[in-house]
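From first to last, the protein sequence lines stand for chains E and G.
In this text, residue positions in the first sequence follow my numbering: the first is 1, and each later residue adds one.
In this text, residue positions in the second sequence follow my numbering: the first is 1001, and each later residue adds one.
No wet-lab data here; the hints were simulated from the structure.
The model shown is predicted, which means the values in this text are computed figures rather than measured ones.
Certain hints may be false.
[Unchecked claim] Below are the DMTMM-like pairs computed for lysine to aspartate or glutamate, each with C-alpha atoms no more than 20 Å apart in a straight line: (1) G/1082 x E/66; (2) G/1240 x E/108; (3) G/1168 x E/22; (4) E/160 x E/118; (5) E/160 x G/1148; (6) E/20 x E/95; (7) E/138 x G/1148; (8) G/1168 x E/95; (9) G/1168 x E/142; (10) G/1157 x E/108; (11) E/160 x E/202; (12) E/81 x G/1247; (13) G/1240 x E/137.
Here is how the chains run, residue by residue.
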Amino acid sequence: MSFSSKKDTILIKDVTHTYKTETGLLPVIKNLNMSIPQNSFTAVVGPSGCGKSTLTKLISGLLQPDEGEIYLNGAKITSPKPTVGMAFQNPVLLEWRSIIQNVILPLEIVPNKLTLLEKEQRAKELLILVGLEGFEEKKPSELSGGMRQRASLCRALVHKPEVLILDEPFGALDAFTREDLWQVMHNLRKEEPFTGVLITHDLRESIFLADEVVVLSGRPASKQYFIKVPKSKTPKLDSLYSLKSIDMLKNLRKQIEIAQKQQEENK
Amino acid sequence: MRHILIPLYAIVIFLVFWELLVWFNEWPNYKMASPSDIWPAFWKFKSLFFHYGWDTLWRTVVGLFVAVLCGVFLGMIMGFSKVLREALYPLLVGFNAIPKATVVPIIALIFVGQHDLNTILIAFMISFFPIAVSVSIGLSTLEPEYRDILRSLGASKSLIFWKIALPKTLPEFFGALKVAVTLAFIGTNLMEIVSPHGRGLGALFDSGKTNSDYPLMFAVLIALALLGIGLYYVVVILEKVFAGWAERSTD
Chain E
1 MSFSSKKDTI
11 LIKDVTHTYK
21 TETGLLPVIK
31 NLNMSIPQNS
41 FTAVVGPSGC
51 GKSTLTKLIS
61 GLLQPDEGEI
71 YLNGAKITSP
81 KPTVGMAFQN
91 PVLLEWRSII
101 QNVILPLEIV
111 PNKLTLLEKE
121 QRAKELLILV
131 GLEGFEEKKP
141 SELSGGMRQR
151 ASLCRALVHK
161 PEVLILDEPF
171 GALDAFTRED
181 LWQVMHNLRK
191 EEPFTGVLIT
201 HDLRESIFLA
211 DEVVVLSGRP
221 ASKQYFIKVP
231 KSKTPKLDSL
241 YSLKSIDMLK
251 NLRKQIEIAQ
261 KQQEENK
Chain G
1001 MRHILIPLYA
1011 IVIFLVFWEL
1021 LVWFNEWPNY
1031 KMASPSDIWP
1041 AFWKFKSLFF
1051 HYGWDTLWRT
1061 VVGLFVAVLC
1071 GVFLGMIMGF
1081 SKVLREALYP
1091 LLVGFNAIPK
1101 ATVVPIIALI
1111 FVGQHDLNTI
1121 LIAFMISFFP
1131 IAVSVSIGLS
1141 TLEPEYRDIL
1151 RSLGASKSLI
1161 FWKIALPKTL
1171 PEFFGALKVA
1181 VTLAFIGTNL
1191 MEIVSPHGRG
1201 LGALFDSGKT
1211 NSDYPLMFAV
1221 LIALALLGIG
1231 LYYVVVILEK
1241 VFAGWAERST
1251 D
């Protein structure tokens, strides 16, 4: 891993961030270094409240780090960039718009030369890819939680962002729906390659979806551990129950425990 | 058909009950008018009813319109700026706590003779508060994720307002507007009743009182109720058009 590599889409360099609260300073991220190569997908895991969501805000430019720099394709991030797509645990669909109009939303904001018809076509393409064909004109309230999250993923990708940031997108879904959506993610990656950051609490999810898993230490977060996850062309859920996967999961679990203990001590 | 017939039956039963109550107790019409007294009272003054009814209606609507403009504006600045919210909120609450009936003579003195202006002013003052509060709460409780979705794409503040904050606040706004409609009628009538030589249904009500024409007073009440129902349903229709998405289907 080298910081000079030109192929890194996201480069996080010595980033430190502190929140100012009423009770004093709350350091959340300290000397964090990470890099994510182009079209690679990195999962970030760590104890609750360790600063993972702050990390997504820093990468998307919604927050500026106190110290250090974050680069997107070699350019330093100083403000939000339309080349980023985001999805959260809460799908935050706009209730007054149909599903297809929700997916189009970013295209109404990001400068582009698409006609309305082309925008709708692009949205439809994605909706078909995630299995929401036929639901274009439905309102979000008519869809199940899993379907809403699929629509939210489409919205995050509709403007072909260079970077996709997912902040626990499947956290609120039941286990089987979650597994369905993992497959959807693999389909999406195959058809619409992107560089991604996935924040998650689910270790199985992290090794099933990501090429690399980073464990953050307890608050203030820094990179404590990382593993590369070899990926087959067609990942199957069965692979999660192979000895190799189980070893990885045990290993990650141990790292999380270390991070949790450290966070407790720092309190 | 059912949803027309059931309320209709209810109204008929209510009127019969009222008529019987007056008849059974042998109340004279200066104590309590019966429904059968009301129609003749209306018919006798029917041109005045339409004339004054129109006066009351347009003043209420104009007062409401000003209340919507001011209420939305105040709600917006309180919804977006925490400092202004903290500064304006106690003032607004204090102002709202003053019973508007006490403001009526003050306004009537400030703008002596300006009957239309006075009436509109009271209708406005009594009805803008719920609108301002609902809009400010709607805007300030917008979940941060909604903002972040647009902000992360580089959207400007005004774009976020038009695309998300405004439509998301509409259901609360219409809820408040329904309350404001009723309040505005109270305001209009307060001023019409109190102002000497006034016009409007309130003035007609007052002349019924001075002439001991009790059926006329009751007829005015019914006319006011009809106007109120009409305006309320106009708001309901507007709500269906602009914020119909917020309605959950019942099936």
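In rising order, the numbers of the hints this structure does not comply with: 1, 2, 3, 6, 7, 11 and 12
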